[in-house]
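*Asks:* Here is how the chains run, residue by residue.
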Amino acid sequence: MKPILLQGHEWPITQIKYNGKGDLLFTVAKDPIVNVWYSVNAVWYVHADWNTKHVLTGSADNSCHLWDCETGKYFFDLRDPSQIDNNEPYVKIPCNDSKITSAIWGPQGECIIAGHKSGELNQYSAKSGKVLVNIKEHLRQINDIRLSRDMTMFVTASKDNTAKIFDSTTLEHQKTFWTERPANSAALSPNYDHVVLGGGQEAMDITTTSTRIGKFEARFFHLAFEEEFGRVKGNFGPINSFAFQPDGKSYSSGGEDGYVLFLHARHYAGHPGL
Amino acid sequence: MQDAENVAVPEAAEERAEPGQQQPAAEPPPDAGLPRPAGPGAPEAAGTEAVSEEVAAAEAGPEPQVRTEVEAASGPSKSPSPSAAEEPPGSHVEPRAPAQEEARGKQVRDERADSRAQAASEDAGGNEGSAAEAEPRALENGDADEPSFSDPEDFVDDVSEEELLGDVLKDRPQEADGIDSVIVVDNVPQVGPDRLEKLKNVIHKIFSKFGKITNDFYPEEDGKTKGYIFLEYASPAHAVDAVKNADGYKLDKQHTFRVNLFTDFDKYMTISDEWDIPEKQPFKDLGNLRYWLEEAECRDQYSVIFESGDRTSIFWNDVKDPVSIEERARWTETYVRWSPKGTYLATFHQRGIALWGGEKFKQIQRFSHQGVQLIDFSPCERYLVTFSPLMDTQDDPQAIIIWDILTGHKKRGFHCESSAHWPIFKWSHDGKFFARMTLDTLSIYETPSMGLLDKKSLKISGIKDFSWSPGGNIIAFWVPEDKDIPARVTLMQLPTRQEIRVRNLFNVVDCKLHWQKNGDYLCVKVDRTPKGTQGVVTNFEIFRMREKQVPVDVVEMKETITAFAWEPNGSKCAVLHGEAPRISVSFYHVKNNRKIELIKMFDKQQANTIFWSPQGQFVVLAGLRSMNGALAFVDTSDCTVMNIAEHYMASDVEWDPTGRYVVTSVSWWSHKVDNAYWLWTFQGRLLQKNNKDRFCQLLWRPRPPTLLSQEQIKQIKKDLKKYSKIFEQKDRLSQSKASKELVERRRTMMEDFRKYRKMAQELYMEQKNERLELRGGVDTDELDSNVDDWEEETIEFFVTEEIIPLGNQE
Chain A
1 MKPILLQGHE WPITQIKYNG KGDLLFTVAK DPIVNVWYSV NAVWYVHADW NTKHVLTGSA
61 DNSCHLWDCE TGKYFFDLRD PSQIDNNEPY VKIPCNDSKI TSAIWGPQGE CIIAGHKSGE
121 LNQYSAKSGK VLVNIKEHLR QINDIRLSRD MTMFVTASKD NTAKIFDSTT LEHQKTFWTE
181 RPANSAALSP NYDHVVLGGG QEAMDITTTS TRIGKFEARF FHLAFEEEFG RVKGNFGPIN
241 SFAFQPDGKS YSSGGEDGYV LFLHARHYAG HPGL
Chain B
1 MQDAENVAVP EAAEERAEPG QQQPAAEPPP DAGLPRPAGP GAPEAAGTEA VSEEVAAAEA
61 GPEPQVRTEV EAASGPSKSP SPSAAEEPPG SHVEPRAPAQ EEARGKQVRD ERADSRAQAA
121 SEDAGGNEGS AAEAEPRALE NGDADEPSFS DPEDFVDDVS EEELLGDVLK DRPQEADGID
181 SVIVVDNVPQ VGPDRLEKLK NVIHKIFSKF GKITNDFYPE EDGKTKGYIF LEYASPAHAV
241 DAVKNADGYK LDKQHTFRVN LFTDFDKYMT ISDEWDIPEK QPFKDLGNLR YWLEEAECRD
301 QYSVIFESGD RTSIFWNDVK DPVSIEERAR WTETYVRWSP KGTYLATFHQ RGIALWGGEK
361 FKQIQRFSHQ GVQLIDFSPC ERYLVTFSPL MDTQDDPQAI IIWDILTGHK KRGFHCESSA
421 HWPIFKWSHD GKFFARMTLD TLSIYETPSM GLLDKKSLKI SGIKDFSWSP GGNIIAFWVP
481 EDKDIPARVT LMQLPTRQEI RVRNLFNVVD CKLHWQKNGD YLCVKVDRTP KGTQGVVTNF
541 EIFRMREKQV PVDVVEMKET ITAFAWEPNG SKCAVLHGEA PRISVSFYHV KNNRKIELIK
601 MFDKQQANTI FWSPQGQFVV LAGLRSMNGA LAFVDTSDCT VMNIAEHYMA SDVEWDPTGR
661 YVVTSVSWWS HKVDNAYWLW TFQGRLLQKN NKDRFCQLLW RPRPPTLLSQ EQIKQIKKDL
721 KKYSKIFEQK DRLSQSKASK ELVERRRTMM EDFRKYRKMA QELYMEQKNE RLELRGGVDT
781 DELDSNVDDW EEETIEFFVT EEIIPLGNQE
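In order, the protein sequences belong to chains A and B.
Take 1 as the starting number for the first sequence in UniProt numbering and just add one per residue.
Take 1 as the starting number for the second sequence in UniProt numbering and just add one per residue.
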């Protein structure tokens, strides 16, 4: 059975996410026109709040937009002082050492966990902006951080060819998954001890290498054993972002090829190796 | 040496040779009227007479006299530095004076001796830069009206001259300056003054061949010359040249010249007569350097360079997983090499080569060679050849250095223009000889003396390539056609230089020499353009080295040849031929009945390289790099393809020294992604995929040749069944152990993970109330916890269907 192919973008997908309920899938790409959400430039990040009322997008022109999810109504640009009453951010966290390449809110919204270009992970207090925990488990840039459904742990995907599991409160390293390619994204299954990760070579190398060595498959690992147990082919380019539906019955992958693949469990259950 | 006078002579001579060293202060302003006693242009033409005069003066001992005068002139309070004081009067003589000065110099000559002391004082004054200079100069110029600036007699200068003009003093003439250009000729006929002129002419004729003679001196005694003479050249290089070429020159029956550098006398004089017994070096116990051969499982080792060269590791090869022995950061700056018998691991550094070995891979030896790029071991592991493009100078060859590995001493240096065909020095199989090819010359050197074999090179005009037999001291070389003389391949026995076989070839474009590993056969791949045909035809000329007269068989090939390789320890060879993509592989067997049989040909192969197992029989045909890493594992005993596989973009194939395993790898040096090495059995079963970040190079540690005799090996092969039973049992045991371990490991992993999850869940539940509060009482923990809020909408899409007939249906 073929997976459902969502072709809403013509440019590489940068991030995909489900809303809390799992009935909506947000996809953003480097499109100047985003099929779902408007932005004038490549949209790099998207996040919907817990009850799917508002959606925040961040894009390559360094702007950050807040939207009403239901109507698509545009609220304001976080960066534009004229659009917000009080332009002072709640907390400013200085970060001079190494660029932040990905970040998530910690459980209970008390802290922010940020992944850096150097491979470092920092847990910042949301109230004071102080660094609570600093670790360096990855050797190179952290491309993506995703929380588990219960937010007790998160998975990082790094350019150093590994994905790792950490505890979101203590930032204790739990597990490591090795591949032979830079990992662009990883996601934790909400209902199984599975983690899926994808990547391939860097976007700039794609045109110079053949698809045969691409390794653009979605790779499934067992959480506890750190062993790969299956692969699902689909995208024609490196996978840039993964998301599990909150019920765990399906997942989507967005690739450099501009497609979003929506795979239900019944699509990949019969896949050899699964 | 003989006596003091001999030493004095060149001293004087040398001083006259170095005019440039004069202090400017010592030069009084040019004075046309009065011929200065020792002006800057003291005549070269003053010649021998002047020299002898000076020598005589020196002999007579005016020096002490001069010295006192100098001291007096520069003031009693001064403490002249010894070198300044010793500066003899001759330092004013300038051999390279302008020609017009010469005439004047002649007139002056007579007055010279008298005025020498004055000159000395002037000189010394100038040297020291003291006011003492003023007086003689004033006198000289006859200018008495000028006020005297001289110090009162009791003046004590409190500034040392070093302080005043240290920069100038630094350049003052040294006693030894120019001494390098002087040679001593012994066994010269002893003649009276009547025949001296004639002798001088003869000598001049012989020795001016090597350079301009600026000075000569014939010591005399009782009216006759003493039988040895001194000659000075314009430059030290000429002197060296003269020593090299005129030493041993036969003037007549009684007189054979012995020519030496003057400096050599000094050098050999200073050598102590007593011989110091060299200090005994404490014995350094390096442990068992071959410990790895005693490993119970007979595993092999290999070195791996990864992280683009930053890290180097040594592993035991194991069927399950490689076992790390040693890992070091920045162990080498470029790459590593094993010695041919595996005893040493060589690492490359900017400043030289280091050798490591023993169980802990401790440093065993260092060889300092700045900028070293290439190395080569002698097959016996006794010598190391290093190459560096830096540091080579004309007189001190340092481009290639041959070292003694055990002592760490430099044995000999060589010049080298290009390292394009490394190794430049090729070693004979036993390390007794090494040879190098230069234009029209083949130079063979012997160990341990490192000198040319029989002191001369072989003149072989047009020699293009040569190669040592790996099984005996035989050199094969070939010479291309030269007009009517056909091209030829020659086999030469050494050290006798006896030609054991010469084969003439016609219309040759190129030849390649391929020795079988034991030296049993030599295959010369000959590319020819026969008359009346177009294009290149390739012949394999196969020399049977172990048979009488070395018979040659010819195999003609119609297609272009991509690769050729002998089976090690066997009599088969593999050839890749044809144009891509229609490449075929052929296996030939050189039989004893004077026939060469084509055993098998496979066509449509994806291969560009042949890799025989070091034990023979098995072969891997690989299509490296551009051919995407296609691999074919062939058993040549019955010519079956055991397996076809692929290691995408593989750049290297390496057999282990026993022929049990083979490694294919994608090196970061040739390809930037998927750098890894894969381990296969000799049959082509993939055992491991080892991904290493920026993996660069894998090298198996070689093993020394087996100590078992042919009979013993045969016996083992006979009893193979017995052994295989034991091994199978072992394998089964380790396998069940491994699976047990795996199950155990997984169980503990699962348990640990469950424990962690339970803890995390508890924490999560504890925070539930807090979370509810944050989200306004909405429970987001369960997906359908607030179903009541959901609204369902049914959306209908209206689709209109319209049928448009296409084309004309009638």
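In short, the hints are calculated from the structure, not lab data.
Watch out, some of these pointers could steer you wrong.
With a straight-line cut-off of 27 Å between C-alpha atoms, the simulated DSSO-like cross-links for lysine-lysine are [unchecked claim]:
| # | chain 1 | residue 1 | chain 2 | residue 2 |
| --- | --- | --- | --- | --- |
| 1 | B | K714 | B | K725 |
| 2 | A | K159 | B | K758 |
| 3 | B | K725 | A | K136 |
| 4 | B | K692 | A | K249 |
| 5 | A | K159 | B | K672 |
Quantities reported herein were computed from a predicted structural model and do not represent experimental measurements.
*Asks:* So, for every hint listed, does it hold in this structure?
*Replies:* Structure-based check of each hint:
1. B:K714 / B:K725: Between B:K714 and B:K725 the Cα gap is close to 18 Å, so the pair holds against 27 Å.
2. A:K159 / B:K758: violated, 31 Å
3. B:K725 / A:K136: Not OK: B:K725 and A:K136 at ~51 Å, beyond 27 Å, violated.
4. B:K692 / A:K249: Outside the cut-off at roughly 35 Å; violated.
5. A:K159 / B:K672: Status holds; Cα separation ~15 Å.
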